[in-house]
Structures are given as C-alpha cells and as structure tokens.
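For this one, chain A is given, so just place chain B on it according to the hints.
These protein sequence lines are chains A and B, in that order.
Just so you know, the first sequence maps onto residues 3 to 539 in the working numbering.
Just so you know, the second sequence maps onto residues 43 to 380 in the working numbering.
Derived from the structure by calculation, the hints contain no laboratory data.
One thing to keep in mind: the hints can contain errors.
[As the list claims (entries may be wrong)] With a straight-line Cα cutoff of 25 Å, these simulated SDA-like cross-link-like pairs (lysine to any residue) come out:
#	chain 1	residue 1	chain 2	residue 2
1	A	LYS155	A	VAL145
2	A	LYS489	A	GLU333
3	A	LYS56	B	ILE322
4	A	LYS473	B	PRO120
5	A	LYS453	B	VAL109
6	A	LYS56	A	LEU280
7	A	LYS56	B	THR119
8	A	LYS141	A	PRO157
[Said to hold, decoys possible] Rough simulated footprint, nothing fancy, chain A against chain B, three-plus residues with beta-carbon under 8 Å:
#	region
9	122-136
10	157-168
11	324-331
12	336-347
For every residue, glycine included, the Cβ atom is placed at its ideal position computed from N, Cα and C.
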Amino acid sequence: MKVVKGALPVILAAALAACGSQAPAAPADGGSSLTWAVETEPITFNPHQWAQNKARLLVFNQFDALLAYGEDGSFVPWLARSWQVSDDGRVYTLELRDDVTFQDGTKFDAAAVKANLDKLREPGYNPTVAAIQLHAFDKAEAVSPTTLRVTLKEPDGLFLDFLASPYAGQVSPKSLREAGDLKAGGPDVVGTGPFVLDRYVRGQEVHYRRNPSYNWPPQGSAHQGPAHLAEVTYRFLPQAAVRVGALTSGQVQVVEGVPATDIESIKRDPALTFRSALNSGTSFSYYFNTSHPPFDDKRVRQAFREAVDVDAVLASVYQGTAKRAWSVVAETSPFYDASLTGTYGGDAAKANALLDAAGWTGRDAEGYRVKDGRRLTVRSVASAPYVRDRRDILAQAIQAQVKQTAGIDFQVKIVDQGTAQKALDDDAYEIFENSRGDSDAGAALNLLLPKDGAINRTHYEDARLDGWLAKASASSDPAERKALYAKVQRKVVTEEAIVFPVYVPSDQIAASGSVQGLGFDPVSGTPRGVYDVRITA
Amino acid sequence: MTAAPPAPRPPISRPPRPHPPWSRPSWPRPPAWLGAPLRRLVSAAAVLWAAATTAYAALLLAPGDTVDLLVGDGADTPEIRAQIVAEWGLDRPEAVRYLSYLGRLLHGDLGRSYQLQQDVGEVLAGQVGPTARLTLAAAAVGVALAFALAVATAGRSAWPRRIVSAAELVAVSVPQFVIGIVLLFVFSFSLGWFPVSGAADPQALVLPALALGLPVAGVLGQVLREGLERALEQPFVVTARSRGLGERAVVARHALRHALLPAVTLTGWFTGVLLGGAVITEALFGRPGLGRVAMQAVSAKDMPVVMAVVILSAAVYVTISVLLDLAYRIIDPRLRSA
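Okay, chain A solo, but in the shape it has when bound (with noise of 0.2 Å):
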C-alpha cells in the first residue's frame, strides 16, 4: 500500500476530473443538520408497507399515527385527541384535531383517516396488513371532519396497537390518490410529520428538512413546535466497522446497531455517548418442531435447552452485552410473567439424565447419541438475509455446547431465503429460529403459537392455548390480557417446553456528546425519530 500512496492525488485528479460534483447542500434557514449512519435501508418510505423494524426510525419522521404509546406504555393521544371504545368492543370513536395539514398542503381530517383505512383493505395492497392487523374491520365513516367512527366485526384488543403503528402512519389522499410509485413511498408520499423527506439517494442516503408548519407532536413529547433541527441525513452503510469509524472520526454524528465488540471502547470514550433499549414483542428464541421425532418427546425438548449453559454463550458471543431471556415474550413487555426467571437450563446432568430416560442411550462414533440405530440429530435451517446479531455465530456456539454436554448433533443451516422456505413447507427442520419486534407482543403470539397461527413452526397444537390467546386478543382490559398471556408463558415455556427463549434483541445508539435529546421508542425500544433531538455548542 505503501508504493500506491506516493502516486494517488495525481492519477486520481485525472480519474475524477470527468466526474460531476454536486455541492452538499446547505441548512436552508441556517438551523443545524445531523448525519446519522443507518444499518438498514429501507425498502419502502411508505409507511402502509413497513415491514423492517430496523427501519422504524424513519417512519415517525415523515408520518403521525393517530395514538402513541407513553413512557408507560398506555396510549395517548397523538393525530387523534381523544378515542372511545363502546361497551361491546366494536365501535372506535375518534375525535380528531382540528389544526392539522398534510405536507402538500391537504387538511388532514376524517375524510383522509377513513382513505387511508380503506386504502389498506384495498386488494394487493397490503395483503399482511388486511389479513391480519385489520382482520376484524368492518368499516369507518366520517360523522363530521373531526370524527371517526370505525365498525369492527368482532372486538379486537391490538385495534389500539394498530392506531399506534406505522401501519396508522397518515398518508396525504392527494398522494394516495396520484403518487406514482405509491408502494415504494419517497418524496412523493407525504404524511403530517415533523420532516418532509425531499431527497432519497438509493444505496446512499435519505435526507428530510423540516417541516416549518408542524406543532402537533405526540402527548409527552419534551417540546412543541416545528422539530429543533433544519435537516438530518440518513447515511446506509451496512459495515458495523464502517459505521463505527464513521462516528469516532466525525463524519456522522449518530450510528444505530453498534456491535458487541465496540460497545466497550465507545463507552470509555469521553466524547460519546452510548444508550441501549431492549425490544418488544418476543424474544429472539428456538421454536422446536413437535411435528415428528425427536421434538415430539418433551424429554428431549426439555434436554436440549438443558444442555447450554445460557449465559455462558451470551457471554462469550456478546461479550456480557446481550439480556438472556427467560420467556418467549420480551421482558419490556407489559404481558412479561417474571416468574419464569430461573425455571430451566444449563443442568446437563439433567439433560443426560432426559435423554436417557427417552430412549437415546447409545453412541456413536463420534460421541453422538443414538437411538434405534438413528443418531440424535436437530437440523435449524435459517434464511441468510434475516440473520442478524451474530446469530450464526450463537448458533454455532449452542451447536459445540449441545455437542459436548449431551451428545446432541445440532446442525446450522444458513441459506438463501427460497432454501429456507423449502425446508419449512417439506417439514425438514427440527428447529426454527425467530424473534419478532411488534410492539404489542400479543400480536406476535397469535402469529407463532395458535394452530393455525401464520407462522406457527412447532406444529403444536392445543385448543385451550388458542382460546387463551383468542380470549386475549379480544380483550382491551390490561389485567385480564396479563392473566391471559401468564398462562399461555407458562404453557409453553414451563410444562411443554415448546419454545427455548435465548436473548432479549435490543437496539442500540451511539452518538456525538453534542447531540441531545436521542433516545427510543417508548415499547418498541427502537430509536425514535430526530423530533426531539437537538445539537448543542
């Protein structure tokens, strides 16, 4: 490299003479700018078609959703001022405000609320979203420009949830109506939100300015008002090393997914600053498929997660910076039952001593265990491009401790996403992996565990769980939905050991020490939109 440093600036001022240059662009009423290095980018800036938690960040900048959630995690008013549920569940009265306007000028009222929803039912739009979140619409009617009726078939307890969502993003009608690219959202779709998103560069970045009329933020924001910052940039780079780097030596002044290894030097710096949430929704866990052998022996399930030390794992792969979970839903969770704490792992006396009892008692060569001539083999075959936090490399962590501990052959997959799903639909795999990010973790559930649940992998099946989770869903009462979700923990956890839950997934940021007022979404735990944020001197 050294040779090449000598020769650079003069074949390079050739190389780039032919190349045109585009001036960055200047704060326009000289406010501040913030540049922060995503991991993800988004593939949609519609909020209707978000699909990446990792890309949540975005959403609350260009868009206002009719709820909010509060520190606490009850709802408060957002779009929406205030809201009734009639006495059967089925009728959601909204009262709007009145001083809204969309980014092209459109006023925001129970016209555009109701286009929106109705938007969402149209077919091949979102098919997720009206199958599942808007399962139960039935229909909304404007009463008058600042209130909402919605109709439901049936009561639905995560209908809050989805006004809080950024599926209730609001999108203007005039863009609904005349967008080009409407599903791929970008400058083109507008929304209500503090920021207009004016630029979006592909592969590169996406940058939004101000929106100078904006003075309707969520209930508890700390200030009212147009946002504190004249424009902030979204730079994709996908490298942690690379994002990293950028944060130490000043190019971005935020970073978001901040790798284990880095934490700890990030933290000992004196000019950052370093802050990190856990996620809702469930915990990143092993679902064992209970549809054949060996799975459908609880011993063996019970023996596998009592064949990794846990913490041992988490601490070696995540350097002590990962939350080992004890529950399928995440501990941030309202629906948490802390009770499960402690209830299982890392006896691997126990393990053997389960494995003996069902049947596996030979070895082979290799040391594996052996049952009717067949070895003790669980096979988890995961799609690359959902693979994220080192999971490959716990994975390969858990597969030595399985090994070792109880004879157990615990074979990695990591394939294309075609590959991934073959082997779902030809029931070849033993375990699935999964975590999920909803915000309500009961929506998570009724999407993993019920029998007919869309992405119900351990083929488990048992009438009383489904009632429990039906009952919850349709439930708005907090205590009896908490009463609901313990059972169905402890059904699946404790006495049938269906699902092995590892580590709570969190986010994480790092930012410049001038930057101010970062923080995460109150129960999703991913970063919060710029709003609030600020630079100081």
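Quick look at chain B alone, frame taken from chain A:
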C-alpha cells in the same frame, strides 16, 4: 485464429485468451452475406438473449417460488398468498411468463421489481451513473498505476522491481473487502483525508476507486512488466538501441506496444472484476450503485431486477469485446488485413 502470423516473425508473448471474440469457435457464425457490422449486431443480440434466458432459467430452478419470497419471514396465510399470486400474475404457466417477459423486454419494458415495488428501469436509471463513475475511476486507477509501475521497473535493478512485484501480489491476493477496510481506517478514520461515504462529492470516490482498482493494477502490472521484459530481449530492441535511442524511449515507444496485446486481452477479465467488485465496494462505502441493488435483488430473488442487471452486464461485455476487436487492430498491424 483468422490472422495466423506468417512464420518469420519475432515471437510475441501470447495473451491467455488469444482468440479475438469474433472468432470464438463455440459460437455459430452468422451467414457471411450479412456483412460484418450486421453480423456483429446479430451475434450481440444472440449473446444478450442467451444471457437473459440462462439467468431466467437459473432463477426458476433455484429453490423456493416467488410467492414464498414475497411473503418473506412475515405472516403467511392462504389469503395473503392468493392476493400476491393475483397481483403479480404468478398463476400463469412458466412458458407464458417467460415469453411475455421477452415480449415486454423487446419493447424496452424491464418489468416491476417485486421487492421495491417500482419500475425496474426507474430503479436502475439512478444506479447506472454511480457505478459507471466508480468502475471507470477504478479502471483509470488500475491502468495508470499498472503502466507507471511496469514502465518504471521493467528490466531495472532487482530491488525496486521486487518490492513493486510483492506489492502487486498483495493487491491481487488480499480480498477487496479487506483492502477497502484498511484504506478506510488509514485515510478516512485516522487521517481524515477522505469521507467514508457518499457519491456526490468527488472526494468520496477516491477510496472506493482505489479499493476496486488496486487488484486490477496488481494483475495488469505483472502482465505488462512480463511483456515488456520479453519484448526488451527481442532483436528489434537491439536495433533500436543501435540507432542511439535511450532506454526510456526504447521501452515507451517500442517495447510497450508489444507488451500491450496481452494486457488489452485482460480488459475483458477486469471488466468482470470491476463489476463484481462493485458489489462489495458499494456496500462497504455506502455508495449507491448497481452492485448493491443486484445483491439485494439476488438474495430476495427479485427476478425482474436480477434479469435487468444480467442483461445490462451482458451488454457491457458485448460492447467491450467489440471495442477490444478494434483495439487489437490498432495495436497490432498484422491483424488489420484480417
């Protein structure tokens, strides 16, 4: 070869792939009456069709169908599936979909991206420029460095030659990803000379162009020097020297031309290196470009985007091989009569 050199010729070093593209034996020759330019157009179109069809078949044979990929790791119910199938017309037979794809392609319609929900033409339009800038800058860096180092060290004293040769070997052997990270750590994070990302500012092009161009410089430098040194052993060099030419003039005016032929043949190879390396370089430096779009599309099996990138790359290759034909004729007078 169409242009077999007559016997009494000084032996010149042979390029690794000495067949000029128009005479590749594996490809059936279009009839002679078509005339040379038309013939070349027809074979270019045939190459494009073959590339498109091969890519189409490969994507078809890969496990998992399109509906699975559109569902992703999210909720998966028969109702959701039915809507996706209806939306994208996935219920038609494969042959019909293939033919309708080709038909639309002929009208210049590249289709719609499954994943990005946008017209593929629109997606790619914004990405061609940054990738062209990156690869051209990298090619310029590679070629300039290779020439400078080869001319400076060919036939010279052992030590500078050995050091440069070792540096070239390192540049070729170290993965581009590592070269990029090292460049970033030294020149961006520590010295702060160049920014880490962005395509707008020419400064931001320096490090990616270097990361991508160094491996090219390594191989090209080795081949050029080898060629130069062999040419310098030829009798015509003695003649040139006897006319009183200085060493530098001998190298630059006479030997270099002989060394060029194998180096030019490598152009096809390094087009591949540059386009392939762009995938890694663009992701590492957070640059926009085709490489990044292609990688995302391949991992999501976003057929329309993958197809468009394949066809575009094939077009680049065809263009370059035509340009190479012309270059051979300019460099080597023996081929002009062919």
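Next on the checklist: When the structure is checked against the list of hints, which entries are broken? Sort them ascending.
Outcome noted: Failing hints: none at all.
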